[in-house]
Amino acid sequence: MTATVEYDQIHAIAQEVFAAMVDGDLGLLLPWDGDLPDIVDALVAWVDLHGEWSGRAVLVTASDTAHDLARVLLGLDDGDAVSRADLVDAFGEIANVVGGNLKSLLPTPGTLGLPQVGDVLPPLAGAARVQHLPLSWRGRLLVVDVWVTLPTATPEGTS
Amino acid sequence: MRALVIDDSRTMRRIVAGTLEGLGFETLQAEHGRDALDQLEAGAEVDLACIDWNMPVMDGLEFVTAVRANPAWRAITLMMVTTEAEHSQIVRALAAGAHEYLIKPFTPDAIRDKLDLLGLVPVEELA
Numbered sequence: 001m002t003a004t005v006e007y008d009q010i011h012a013i014a015q016e017v018f019a020a021m022v023d024g025d026l027g028l029l030l031p032w033d034g035d036l037p038d039i040v041d042a043l044v045a046w047v048d049l050h051g052e053w054s055g056r057a058v059l060v061t062a063s064d065t066a067h068d069l070a071r072v073l074l075g076l077d078d079g080d081a082v083s084r085a086d087l088v089d090a091f092g093e094i095a096n097v098v099g100g101n102l103k104s105l106l107p108t109p110g111t112l113g114l115p116q117v118g119d120v121l122p123p124l125a126g127a128a129r130v131q132h133l134p135l136s137w138r139g140r141l142l143v144v145d146v147w148v149t150l151p152t153a154t155p156e157g158t159s
Numbered sequence: 160m161r162a163l164v165i166d167d168s169r170t171m172r173r174i175v176a177g178t179l180e181g182l183g184f185e186t187l188q189a190e191h192g193r194d195a196l197d198q199l200e201a202g203a204e205v206d207l208a209c210i211d212w213n214m215p216v217m218d219g220l221e222f223v224t225a226v227r228a229n230p231a232w233r234a235i236t237l238m239m240v241t242t243e244a245e246h247s248q249i250v251r252a253l254a255a256g257a258h259e260y261l262i263k264p265f266t267p268d269a270i271r272d273k274l275d276l277l278g279l280v281p282v283e284e285l286a
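Protein sequence lines correspond, in order, to chains H and A. Numbering of the first sequence is given in this note's numbering, commencing with residue 1 and proceeding in unit increments. Numbering of the second sequence is given in this note's numbering, commencing with residue 160 and proceeding in unit increments.
Hints may contain errors.
Just some of the chain A residues that point at chain H, by a computed CB distance under 10 Å [said to hold, decoys possible]:
#, residue
1, 212
2, 242
3, 244
Think of the hints as simulated: they come from the structure by calculation, not from any bench. Glycine is no exception: its CB is placed at the ideal position from the N, C-alpha and C atoms.
Kindly generate the complete structure, drawing on both the sequences and the hints.
So, in structure tokens, the structure goes:
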């Protein structure tokens, strides 16, 4: 797994997604520099991948950051209200596109589940986190994680 | 020209429809393949359908297959707009009858280029 989906590949996917869907420019989603703050009032979006390789792509950020992302995606102005349904849809779609592009890197075909969004990430039985990317979007923390359920999943940090 | 944007994500429908409207299209929207078929069966006339793959109720591949099975809809150009990026999936969609394939994420220019290939960019946009 870690031989086929590396940190740099996931970062490149996330950068491309944000450039195309959010910012219109590469280079605005950077590795987090410095100590990691706690994410207060977190919102989590994830999409599961099924097949010979099974796993999950996860995005985590603070709720206010997710609201700002949704405003950009929905073409709203700063300060405009974002409904819970729109927040879930917009943040979930980012996870969906990240997960779909992650799936294309895998050595065997699989299927992509529908994106889900919640306040906490439900457990994925038998899964190990194999990549953890704390990123900075406009100076605000956004984390991309990749989990796998292969029996031979390599623990984080050994790739 | 009129386009039907089929995606379960309202966010993505807004992005795709906004780009198409910027190119001069009128747009209709559907939340999944069954919703889109219902609109076509009710008489909606469209030149182009932009179709997500993974959707509840009826997915994009099922929608393409259903449209291609109905001769009354043979003039509709079908473009998949999806995160499904594997070559095998692209082949499946084209074999089912899709004319073009655009992988998310995409830029507005990428949609325009695909429509140009399909001969669907309004003349004033090409000038």
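Structure-based check of all given hints:
1. 212: This interface hint holds because 8 Å falls under the 10 Å limit.
2. 242: Holds - the Cβ of residue 242 (chain A) comes within 10 Å of chain H, reaching about 2 Å at its closest.
3. 244: Residue 244 (chain A) check passes; min Cβ-Cβ to chain H is 4 Å, inside 10 Å.
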